[in-house]
Amino acid sequence: MWMPEIPPFLPFFIGALIVLFTRGILRNVIMLAIPVLSALHLWGVAEGIHLHFTFLDYQLTPYRVDKLSLMFGYVFHLAAFIAIIYSLHVRDTMQQMAAMLYAGSGLGAVFAGDLLTLFVFWELLAFTSVFLIWARRTKSSYVAGMRYLIIQVLSGVILLAGALFYASENNTLEFGHIGLEGVSGWLIFIAFGIKCAFPMAHNWLTDAYPEATVTGTVFLSAFTTKVAVYALARGYPGTELLVYIGAAMTCFPIFFAVIENDLRRVLAYSLINQVGFMVVGIGIGTALALNGAISHAFNDVIFKGLLFMSMGAVLHMTGRINGSDLGGLYKTMPKTTVLCIVGAASISAFPLFSGFVSKSMVMSAALENGYDWIWLMLLFASAGVFHHAGIKIPYFAFFAHDSGIRASDPPNNMLLAMLIAAVLCIAIGVYPSALYSLLPYNTSYNPYDATHVLAQTQLLFFSALAFVWLNLKGMYPPELRSTNLDFDWIYRRVLPNTLQQMFSVIWQVDSALRQAFLIRLNQCLSFLSKRHEGICGLLSRTYPAGSMVMWVAVILASYLFLSFIR
Amino acid sequence: MENKKKYLFDNPKNIKRLLYFLYGSCVLLFVLDFVIHRHVMHNWENLWGFYPLYGFVGCVVLVLIATWMRTFLMRSEDYYANEGKADIGEKLSSVDKKQNDEIGRPDVDA
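Protein sequence lines, in the order shown, are assigned to chains H and Z.
Sequential numbering of the first sequence, starting at 1, is according to our numbering.
Sequential numbering of the second sequence, starting at 1, is according to our numbering.
Careful: at least some of the hints might be erroneous.
Calculated cross-link-like contacts (lysine-lysine; reagent style DSS-like; alpha-carbon spacing at most 30 Å) [unchecked claim]: (1) Z/5 with H/335; (2) Z/13 with H/335; (3) Z/5 with H/67; (4) H/331 with Z/6; (5) Z/6 with H/473; (6) Z/13 with H/473; (7) Z/5 with Z/16; (8) Z/6 with Z/16; (9) H/335 with Z/6; (10) Z/5 with H/331; (11) Z/16 with H/335; (12) H/530 with Z/6; (13) Z/13 with H/331; (14) H/331 with H/473.
Since the hints were derived computationally from the structure, they do not count as laboratory data.
Work out the full structure, taking the sequences as your base and the hints as a guide.
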C-alpha cells in the first residue's frame, strides 16, 4: 500500500487547513475527496501498531489499528462523508473547518493506542465541536455551547488525571483493558461516562445538540458519544455496573422525549436511549453482546444521522422545529417524509431495517446471561423508542394537524445525503452479513429467525396501536411550548441560586461583623481619649508647652548622664 | 398545481383505510402467535400474547407517566432565558443599593 503509516486524522486536519485557503467548488471537491481517499486508504491498512515513539520515558502509540478501532474508523468516514454532502450548501468557513477538525479528532481518538494521545484527541473533540454550536450565532447557542465546553473539558481533565494515576500504578500508558480497579480506573470511567452521557451527566447533550446549526448537529450526533462508546468497549468490557447504567439510560430519556416539544431535542433524548443499548452490551461483555454494542453504534451513526438530517431539513426549510408549530408537511416535502420514515423504522428496529439486526444481539445477550429484569427494561425501551422517535417525530412534523406551512423539499445535496443514509439503513437491514463480517468477534448470529421477527413485529405494531388508541381518546399529551426541567436544572438554577443566597448571607454577616468591629473601635478610641482628656492628661490636646520643655530637658539630661558613664 | 389540491390524508377515507390496515395487522400478528412454532428463551415469552400486551401496556404507561411528569416538570418556554435577565437585573440593583448605602453612610472612616 502507499504510505501505510498516515494516521487517518491527518488528512482531515490537512483538509481543514486547505478549506481555509480555498473557496467555492474547489473547497467542496476537496472536502468530499478527503473522506473518500482516507477511507480507501484505511481499507488497505493492516492491523497492528503503525506509529510509535518514546516521550518522557513513556511509550506513545498515536496510531494503532485493530478490528475494534477499524469498525469505528469506517463508520466515522461514512458519517463524515454523508454529513459533508449534507452541508455542501453551507458557506461558512468556520463551520466547515470545525467540521473537518472534529471528524479528524474523532478518528484520532479511536486509533489512539495510549491514554495521553486519547486525552489530546478527547479535548480536541470538545474544542472543535463547540464551534458547530456557536456557528448558529444566537445568544442561546452561545451560552449552551459554553456549558457544553465546560462539561467536555471537565471530562478531559478527569481523563488526564486518571491517565496520570494509571501511569504511576501500572508503569505504562497503553490503552487496553482498564477495569474499575484503583483510583485511575474510576477516574477514567467517570471521564468516559461524562462523554457517554451517563444519567445525571447527560444534559450537555440535550442542551447543546438542539442549539447547534442544522448541519452541525448531524456531525455532532455521529462522533462524540460514539468515541465514548468505543473507549468504554476497549477499557471496560464486562463491567457489570455498566449493565445497570445502560439500562437506566435506555429508559429515563423516553419519558422526557414524549413531552419534549423541540423535535431535535427529542432526537437528542433518543440518542441517549440508543447509547444505553450499547452500554448494556459492553457491560454484559460476552462476544455476542460486544458485537451487538459495536454494530449498534455503527448503525446508530447512520440512522440517527438520517433522523437529524430530516429534522434539519425541516428546520432549514421552515425555520421551525417545535412540534407545536409543525404538521402537514408531507404534502409539500414528500421525499423528506419518506426518508425520515426510513430512519424512524430503522431506529425502531423494524425487521429489514438496520436497527433490528444490531439491537436484537444486545437483547439476546441480556437474556442468555440471566439479566431478566434488564431485558424487560430494554424491551420497554424498544417500545418506547418506537413511540417517540418512530412515531412522534414523523407524525408531528409531517402529519398531525395541518400547520399551513407549505415548504418544499430541501436542496438536492441534503436529499442526496439522506438518500445515501436511508439506502444504507435498508441495505444493512436486508443483508446484515456484510456488517457482521467486519465485527471483532466471531459469533454465528442470525437475527432473522421466525421467533425474533414475530416478537419484534408484535411489539412494534401494538405500540403503534397504543399510540392510535391514546390519540383517538385524546389522552396523548399535546405538543406544548414549554421547557421541561431535567437534571440541568440543578446546575442552571438550584446551584446558582443557592450559591447566590449563600454568598448574600455571607456578605451580610461579614458587613455586620465589620461594622460592629468599627463601632467598637470607635467607642474604645473615644473612651480612651475621654479618659485622658483635660489639662496634663496623657492624650490631651491642651498640653501646656511648659511641661514639654521640662520633658525635653529631662531627656537631654539623661543623654548627658549616659555620656559620662562611657 | 392549483391551490386547493387534495392531498393523501385530506380524505378521511384514507385515514380510515390506514387505521383498518393497522388493526388488521395487529389481529394477524396476534393470531400468528399460536400458529408459528416459537423457540423461546425465557418463561415470560411463553405467556399468552406476551409481546403484544407488553408493547401496548408499556406504551400506555409510558405516556401516562410522561403526562403526569408534566405537572411538575413543565415551565414556560423562556424559563431559563428570563431567569438570567432577572438575576442580572437584581444584581445590578443590589449593587447600586449597596453603593448608595455606602455613600450615604457618614461614619465609614470618620
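Problem set entry | Distance restraint between residue 530 of chain H and residue 6 of chain Z, which requires alpha-carbon spacing of 30 Å or less | violated, 101 Å
For this session: Could you grab the alpha-carbon distance between residue 335 of chain H and residue 6 of chain Z and see if it respects the 30 Å cut-off?
Result: holds, 18 Å
Problem set entry | Restraint check for residue 5 of chain Z with residue 335 of chain H, where alpha carbons must lie at most 30 Å apart | Within the cut-off at roughly 18 Å; holds.
Exercise. Given the hinted pair residue 13 of chain Z and residue 331 of chain H, is their alpha-carbon gap at most 30 Å?
Worked result: Holds, at roughly 17 Å.
For this session: Would you check the hint for residue 6 of chain Z and residue 16 of chain Z, treating anything up to 30 Å between C-alpha atoms as holding?
Result: holds, 16 Å
Problem set entry | 30 Å Cα cutoff - pair residue 6 of chain Z, residue 473 of chain H | holds, 27 Å
Exercise. Is the hinted pair residue 13 of chain Z and residue 473 of chain H satisfied, with a Cα-Cα distance of at most 30 Å?
Worked result: Roughly 19 Å between the alpha carbons, so the hint for residue 13 of chain Z and residue 473 of chain H holds.
Exercise. Hey, residue 5 of chain Z versus residue 16 of chain Z, does the alpha-carbon distance stay inside 30 Å?
Worked result: holds, 20 Å
Problem set entry | 30 Å Cα cutoff - pair residue 331 of chain H, residue 6 of chain Z | Distance ~9 Å between residue 331 of chain H and residue 6 of chain Z Cα, so the pair holds.
Exercise. Going straight from one Cα to the other, do residue 5 of chain Z and residue 331 of chain H come out at no more than 30 Å?
Worked result: Satisfied, since the Cα-Cα distance of roughly 10 Å is no more than 30 Å.
Exercise. Between residue 13 of chain Z and residue 335 of chain H, is the straight-line Cα distance small enough, at 30 Å or below?
Worked result: holds, 23 Å
Exercise. Going straight from one Cα to the other, do residue 5 of chain Z and residue 67 of chain H come out at no more than 30 Å?
Worked result: Status violated; Cα separation ~54 Å.
In summary, the numbered hints that this structure violates are 3, 12.
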